[in-house]
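Q: Single-letter residue listing:
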Amino acid sequence: MGKQVSLFVTCMVDQLFPNVGIAMADVLERLGYRVDFPESQTCCGQPAFNSGYRAEARTVARHFLETFAASEQIVVPSGSCTSMITHHYADLFQKEPETLALVHAMEKKVFEFATFLTEIAGVEDVGARFEEVITFHDGCHALRELGIKSAPRRLLSHVKGLELREMSPAEECCGFGGTFSVKFAELSGAMARTKVDAILGTGAKTVVSLDPSCLMQIQGALSRAGHSIRTMHLAEVLASR
Amino acid sequence: MSRDNILHKVRTALGRSPSQAVAPPPPVRLRVPEVSMEDRIASMMSHLNELNGKTMRVPTMDAAREFAAGILAGKTALASNSPYLAECGISTLPGVATGITDLGELRQAAATVDIGITSADYALSDTGTLVMLSSPAEARLISLLPFHHLAIVPRERILTSLDELFTVLPHPAEQSSSMVLITGPSRTADIELVLVRGVHGPGFITVVIVG
Amino acid sequence: MSVEFDQKIHTTLEDANLQLAIYTATGRLKQKRVEAVAADSLPDYQELRTQANAIKKHAIENLDHYLEEFERNVEARGGKVIYCKDATEVSDFVLDLAKERGSKLIVKSKSMTTEEVDLNERLEHHGLESVETDLGEYILQLAHEKPYHIVAPALHKTRYDVAEIFTRELHVPNETEPEKITLTARAVLREKFLHADIGISGANFLVADSGAVTIIENEGNARLTTTAPKIHIAIAGIEKVIPRAQDLAVFLKLLARSATGQNLSVYASFLSGPRRPGEIDGPEEFYVVLLDNGRTKLLPDRSKRQSLYCIRCGACLNTCPVYRKIGGHSFPWVYSGPIGAIITPQFMGVSHEPGLPFASSLCGACGEVCPVKIDIPKVLLDLRSDVKKSEAREGLNRLELFAFRIFAWVMTHPQAYEIGGKIAASLAPSGEGKWISSVPAFMRIGPLKAWLSVRDLPPSPPKSFRELWRRR
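Chains R, E and H supply the protein sequences, listed in that same order.
With our numbering, the residue at position 10 of the first sequence is 10, and numbering never jumps.
With our numbering, the residue at position 89 of the second sequence is 89, and numbering never jumps.
With our numbering, the residue at position 227 of the third sequence is 227, and numbering never jumps.
Read the hints as simulated data drawn from the structure, not as lab findings.
Some hints here could point you the wrong way.
Simulated restraints on C-beta separations [said to hold, decoys possible]:
1) R:G161 <-> H:E35: 31 to 41 Å
2) H:D92 <-> E:Q175: 31 to 41 Å
3) R:E66 <-> E:R31: 45 to 55 Å
4) R:S40 <-> H:I423: 14 to 24 Å
5) R:G161 <-> H:P429: 55 to 65 Å
6) E:P136 <-> R:S168: 51 to 61 Å
7) H:S430 <-> R:R129: 28 to 38 Å
8) E:Q175 <-> R:L164: 53 to 63 Å
9) R:S168 <-> H:L448: 31 to 41 Å
10) H:Q46 <-> E:E156: 27 to 37 Å
11) E:G15 <-> H:E179: 54 to 64 Å
12) R:R129 <-> E:R31: 48 to 58 Å
13) R:L164 <-> H:Q46: 26 to 36 Å
14) E:E156 <-> R:G122: 57 to 67 Å
Ideal placement from N, C-alpha and C gives every residue a C-beta, glycine not left out.
For reference, chain R alone in the conformation it holds in the complex:
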């Protein structure tokens, strides 16, 4: 043990949900990893990319590539940001072979948090205890671009005292979608309410996900509707004892 990992906490966790990053670091350290945080990190560039501003997205992506050039393994508490790096950077740099080579090297080093635990660390039981009924929200990019479905569920199944109840429908989008959430606010809100109905249907007290952005959307809608259900990142559940 004693292997090194770098955190890319994402701008959202850095600015709005710092406890998610701390929880992720705690879990990794408990598993014996030495964790570092490259301080010049900011954002992956996804907001610009998804808004159609490719040049600006490339600028931010280059910064990411430089920041993490020396890191051997990078763990990210977000399926969406991971996917931006591993699935969309290559598109951005199609016409720049040298950068593209860096991107392909980077793709192999960047891991979404749950996948890192189950596939790289080879752990399913992190020794957590969390006595509650929860439901799990699949973030769309984690689910459909990264194919993450079982990893978080396997991790949750080993958390003592935890009961997972699946939503129906399970795989529907929460309506966040980055700038979509403000460009089409009314529509985004309607999608969130459908998600909230699915959550209420489970009777769970907590909604868990891999993606802080989905959780922000879902918590925002739950809170607006006056429900006491809370949202938590998977890392926060796994850090609980």
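Got chain R sorted already, so can you dock chains E and H onto it with the hints?
A: For chains E and H alone, kept in the frame of chain R given last:
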């Protein structure tokens, strides 16, 4: 006119020149499973029944005729010119018109009878489908205009699937101007997704498998 | 985004009955597809998708070759092929033919391509009667509306709506049972079929090696349209061509399952030319109109041209969380849902409705269900970039461009990023740890206002992650 203009635009966009050769298309993908005749018949019947089609298996052509006579029971029918129907003796049952080769007569008859009787060139067991090729023996309208379609199919014409059909018949256009695959009664769900049968074509379909 | 688009979305979201109708209907179609492609029903589903994608890719990359092969084979069997560049050419062709033959009544089977060129309106303007015969399309023609959905055009109408439309337009007693409404339509339309001079259909596939048009349907109206009148005209986009009849085995299996969850649609007609000597019925004349109408504009881009692979199954609509909220009529053109969002900007130009490619959360559900594996989210992203390039050229939306330039600068200057974060945090209400439902008036602008219009905002944490990390 627009022909040359459109083809030119297509070629320019694709970076191709006129009559430039093409790479071979992806290999044809047809998988024909081994299925016993008994299993094919069972599958054919169960799939059609699921679609609210009626099926009957009879041992002989005589039995097929008797079954058809029972369905007719005073109703009017138009039988296609299929030699198989004639061999079964169905074309000569009371109330059955047949032998029409004139379009006007055919339209008139098909639009007014209760039942249209045909055979089928093939059947596809894994979907419950009838395959009808238009010919002097089989007009298109008989399986289309009457509210009840009765098809008499000898068992050896039952294939397993679409894949087998296109293996047996790689170029249907060489045989006929029209090949139609019929899978169950005509249906719609255009009002509140409520399933209604017999919207334009037959609301009832009965398939008799002989042998 | 245009005011009109925004307004249509708003109106649809406000209509509780409509919301229920769309959500229920698409939900049922969605579930049926899931069952029909499940491993126990169609074990080689993924292989079929891969094959369908490969065939479409090959056909589009060699489109001129297959169009010419198709044309040769249609003409060898006594049919005629007419290339049309736009709506006017299509309607001119039909009008001229109708005039020459003295035709007055036209029956039509369902075709999105003819919706694209407003064919009925154009024909009726010249005194021809053109009757839609698919039940859903007929209802909409009577109601003077465009299809709401590629496959289920009247998905938004209740039985009560339909009864009212029938009573008003056909002067029949008000009858709300779908069975009885259907029988009324059967009787009225049967007369039309038997008296029509021309039948106009669409085409699901144009088979190059056979010169055949393939039409898939459930009602039998397309069979009647292509059989009863003396003249059959099939109108299809040029992208519908596939190389071989044998390829249909792949597409037929995918199409019905993806569209309605059926193993096969009730009728698949494979029509090659007019009736042949000895055949008793079928049309005397057979025409295939090959329509461009903007399709050639999609060909140069190697990625975006995949939009032309679409077989119009509608699966992406049924699974799309956006379509399921905003319905079909919010979309700016006849094609709705995810496929509409990628083809409309390419056919009509990105400035036709610049908001369209952005009306997606990029959840990817559409790409996942597409039977020909069109990467719809990727094309949406490409189109977003096209919209922004076009806006930059025209000097539009400068504020947003400026904001993203600032964003890029901040995100590449970590110190500025950290200070910016601190300033934002100091301005944001702390909410004492609770989520925030309103902010001071001076902050109630732009994205923040939009966010708060439907949701609460997370409270600003006392310390950012990097601050906490440094203290660790």
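Q: State for each hint whether it applies.
A: Outcome of the hint check:
1. Between R:G161 and H:E35, the C-beta spacing of about 36 Å keeps the proposed range 31 to 41 Å intact.
2. Checked against the hint of 31 to 41 Å, the pair H:D92 and E:Q175 passes, with Cβ atoms roughly 35 Å apart.
3. The supplied range of 45 to 55 Å is met by R:E66 and E:R31, whose beta-carbon atoms lie about 51 Å from each other.
4. A hinted range of 14 to 24 Å for the beta carbons of R:S40 and H:I423 is consistent with their spacing of about 19 Å.
5. A beta carbon spacing of about 35 Å between R:G161 and H:P429 contradicts the range 55 to 65 Å that was offered as a hint.
6. At roughly 56 Å, the beta-carbon separation of E:P136 and R:S168 lies within the given 51 to 61 Å, and the hint holds.
7. Checked against the hint of 28 to 38 Å, the C-beta distance between H:S430 and R:R129 comes to roughly 31 Å, which is consistent with it.
8. The beta-carbon spacing between E:Q175 and R:L164, approximately 58 Å, falls within the hinted interval of 53 to 63 Å.
9. One distance hint, 31 to 41 Å for the beta-carbon pair R:S168 and H:L448, holds here, with the actual separation near 34 Å.
10. Distance hint for H:Q46 and E:E156: a CB-CB separation of about 34 Å, consistent with the stated range 27 to 37 Å.
11. For the pair E:G15 and H:E179, the beta carbons lie near 55 Å from each other, so the given range of 54 to 64 Å is met.
12. Checked against the hint of 48 to 58 Å, the pair R:R129 and E:R31 passes, with Cβ atoms roughly 52 Å apart.
13. About 28 Å separates the C-beta atoms of R:L164 and H:Q46, a value consistent with the hinted range of 26 to 36 Å.
14. Restraint check, E:E156 to R:G122: a C-beta distance of roughly 59 Å satisfies the suggested window 57 to 67 Å.
Violated hint for the displayed structure: number 5, the only one.
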